[in-house]
Structures are given as C-alpha cells and as structure tokens.
Amino acid sequence: MELQQALFTYCLRRGDDNLILSHRLGEWCGHGPQLEEDIALANRALDLIGQARNYLQYAAKVEGKGRSEDDLAYLRNERQFSHIKLMEIPNGDYAHTITRCFLYDAFHLPLQQALTNSTDAQLAAIAGKAVKEIAYQLKTSGDWMIRFGGGTEESHQRAQKALDELWTFTGELFATDEVDKMLMGAGIAPDMAPIKEAFDTKVNTVLAEATLARPVDGFMASGGRQGKHGEHLGLLLAEMQYLQRAYPGAQW
Amino acid sequence: MVMSALAITEAHVRALLENVKDPEVPVISVVELGVVRSVEIAKDKVIVTITPTYTGCPAMDVMKEDIKEELRAAGILQVEVKQTLAPAWTTDWITDIGKAKLKAYGIAPPEKTADIRALKGIVPVVECPQCGSKDTVMVSAFGSTACKALWKCKVCLEPFDQFKCL
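Listed in order, the protein sequences are those of chains A and B. The first sequence begins at 154 in my numbering and counts up by one. The second sequence begins at 11 in my numbering and counts up by one.
Hints listed in this document are in silico derivations from the structure and should not be mistaken for laboratory results. Treat each hint with caution, since some may be false.
[Said to hold, decoys possible] Some chain A residues close to chain B (C-beta under 8 Å, calculated; not the full set):
hint: 1; residue: Ala193
hint: 2; residue: Asp200
hint: 3; residue: Ile279
hint: 4; residue: Gly281
hint: 5; residue: Lys282
hint: 6; residue: Glu362
We put the CB at the ideal spot given by N, CA and C, even for glycine.
Generate the whole structure from the sequences, applying the supplied hints.
Printed below as a string of structure tokens:
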C-alpha cells in the first residue's frame, strides 16, 4: 500500500464516523425529549457534519481523481463506507443516544488532541479546530451520564442498559490495521495505546460518579473499517443519499 | 467605477469588510467577529482569507458571498475568498466593540478563554444582557446556533443567548 492510499483511507474513516453518527443524530430533529435537547442534538450533528466535510474534502484532494466531498458522501455504496458499527446502529431512547455520544466523545477527544501533532499539516489543522468542539461535547455528554446514573431508578436503569448494549461496539474504536501502522510510521497518525488509556480514564471517572457499572469486555464487533456493515446501513444510506440517487447531479 | 488593483489599499478593503455582517448575528461584522484573517492585495485580485467559527457553521458560505458582493459593489471585481482552518478561531478574536454590540443585541458575550474557570470546567458567571444581573443559570449547553448556549436570568426572568467561549 502506498502512503497516499493509506492517508485517503484514514481520512475516509474519520469522515465516515462523523458523517454516519451525524445522520443518526439528525434523525432526532423534531423528536427530542424536550425542545432544548432537540436543539442540542441538532447542534451536535452540525459539528460532526462540519468535521466530516473537512475530512471528506481532504480525502477527495488526497485521492486526486476529481471526486468531491459530495461524491464521497452520496455516491458510495455500503461496502465502501468505513465507519465503525457503533455509528450506524439505529437510535434507541435518549439514554442510548447520549451514551453512544459519550463513548465516541471519550475516544474522539484524545484522538484529535493527538492528531494536532500530526506531521500532516492539514490533519493537524482539522484537529486543532475539532478539539475545541469535542471538548464541549464530551463535557455535556459526560454531565448527562452522571445525571442519568444519579437520577431516577428508571434513568439509571436505561443508561446502564444502553451501556451494556453499546459496549460491544467500542472495541472497534481502537482497532488498528496496516493503514494505521503505515501512517503511524510516518508520524501522520497517532499511536492508539495512549488514546485507549485516556478513554479508559475518562469513562471510569464519569461512570464512577454516575454510579453506573462499566461493562466487562466480551465479544467485540469488528469489520466496519473494512466495509462490513450491518443491515441498518443500507436503510440509512437510502435516506441520506436519496436525492442524489434520484436526481443525479442536483444542486441547490 | 471599476477600480484598478493599484488604487486599492488593504485599509480600504478592511473598511469595506466592516459592512459585511454575520448573517446569523446581523449586528456584528465579519471583522469584529474575528473571522477575517488576512487581506492581501495581489497583482490582479484581492484575496480575503477567512476562518470558520465552528466547523459546521452554515453561515460561512453566506459570508463568502457577502464579502464578494460588498467588494464588487465598491468596484473591486477580482476577489478571491479563501478559507483556512489554522490557527483555529477563538472567541478571544472577537473585538471589544464586537462584544459590546453582542451585549446590546441581547447576547451575553464570551469570557476570555484564558479564564482559569474555563480550564477547570467551572460554569462561568454570565451577566444578563437585559438587566445586568449575575444571578443567571444555564438552561441548555446548546442554543439557536452552533456558537451559542441558552441561559436564563433569575432576576428579570428573561431567557437569553450566550456566545460560547471557544
């Protein structure tokens, strides 16, 4: 594999994680448990869309085949998407949505903090911008975990159920393959070990305060980075890509 | 009148940019907001470099067009608006005049990022832009746009937006 191909793939992975999760968050628009939280989720989705655009624009540039960010978002099929499965599973209740955000934020912040030191100037610039937004998101998702855990018996039970369900999707956050290894060798991508450590520390601290139990590592889902997704992705893409598929090249 | 590139000065362009407002907070200009990073008078065109406030901010594209339109109206036809990500925008770049305008508009301006309370994650003391009371409470960490949070004054009971510190 060439470095350019690895960088393209790496940007797609980061872009796809943000894009697919932002779509799931966007589905909450108009359905939030209260107006303020409805707006909060749309804001979160907007931040993720912005970060996804930065990565997909850069991926298109690195690839150098004349594709645009929109081509990458709207004209790829299931197997060409490289997000982890955590992002695509359908929304559950509010605790499920916030727990998914919290687990991603707790990984995403140390990852992007490390990427600010990337030898690739554009990746460092994207990260420098993203860390500020993610720090804010992690603070709010962490606060909600604590509120759920220490709230009513029902909120506690729902948050614990969400954690237990979603934990199996967290292994993929830290999985590395030849793409990561090649970029790590060039100082472009960071080592995952310290990022896992930061994730563990944050998750343990917040869950302890929330009186929620950290699930035991068991079977961990895999394959998303290689394009092996579940049945839900096709339905998600059918909605997300509908307009470009039905009216190719439509612009407004 | 179409101005030749020779007659255009950076100061002139910057003065024109003061007329370009943030489409979502129309009292503050793109200069006061700190998104204009540089103005360059090149041989055959004027290059304005701007940086986004939030990565997903939908106002950026509108600002780009508004900048071109403002300069075009002043006879400066060859304009390129570039976008840069680094260094990342911070609310510290909002000018003091910009902050005063936000407040007069009913939006509590951001505190300085160097504020030690921000580092420690302590909720800042936010002054109500309506009555000036410091007895206020955050209602939601996110507000009507990516750059704002929702607050409420406990004295005059008015809800208000706060420009998030970034």
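When the least beta-carbon distance from Ala193 (chain A) to chain B is tested against 8 Å, hint result:
holds, 4 Å
Cut-off 8 Å, beta-carbon criterion: hint that Lys282 (chain A) touches chain B:
Hint on Lys282 (chain A): holds, closest Cβ of chain B at ~4 Å, below 8 Å.
Identify whether the interface hint at Glu362 (chain A) stands, where standing means a beta carbon of chain B within less than 8 Å of its own.
At about 13 Å, which exceeds the 8 Å cut-off, the nearest Cβ of chain B leaves the hint on Glu362 (chain A) violated.
With a cut-off of 8 Å, does the beta carbon of Gly281 (chain A) approach a beta carbon of chain B closely enough for the hint to hold?
Because about 5 Å separates Gly281 (chain A) from the closest Cβ in chain B, which is inside the 8 Å limit, the hint holds.
For the hint on Asp200 (chain A), does the least C-beta distance to chain B fall short of 8 Å?
Holds, about 5 Å.
Chain B contact restraint on Ile279 (chain A) - CB to CB distance below 8 Å:
Since the shortest Cβ distance to chain B is 6 Å, the answer is holds.
Of the numbered hints stated above, the single one contradicted by the structure is hint 6.
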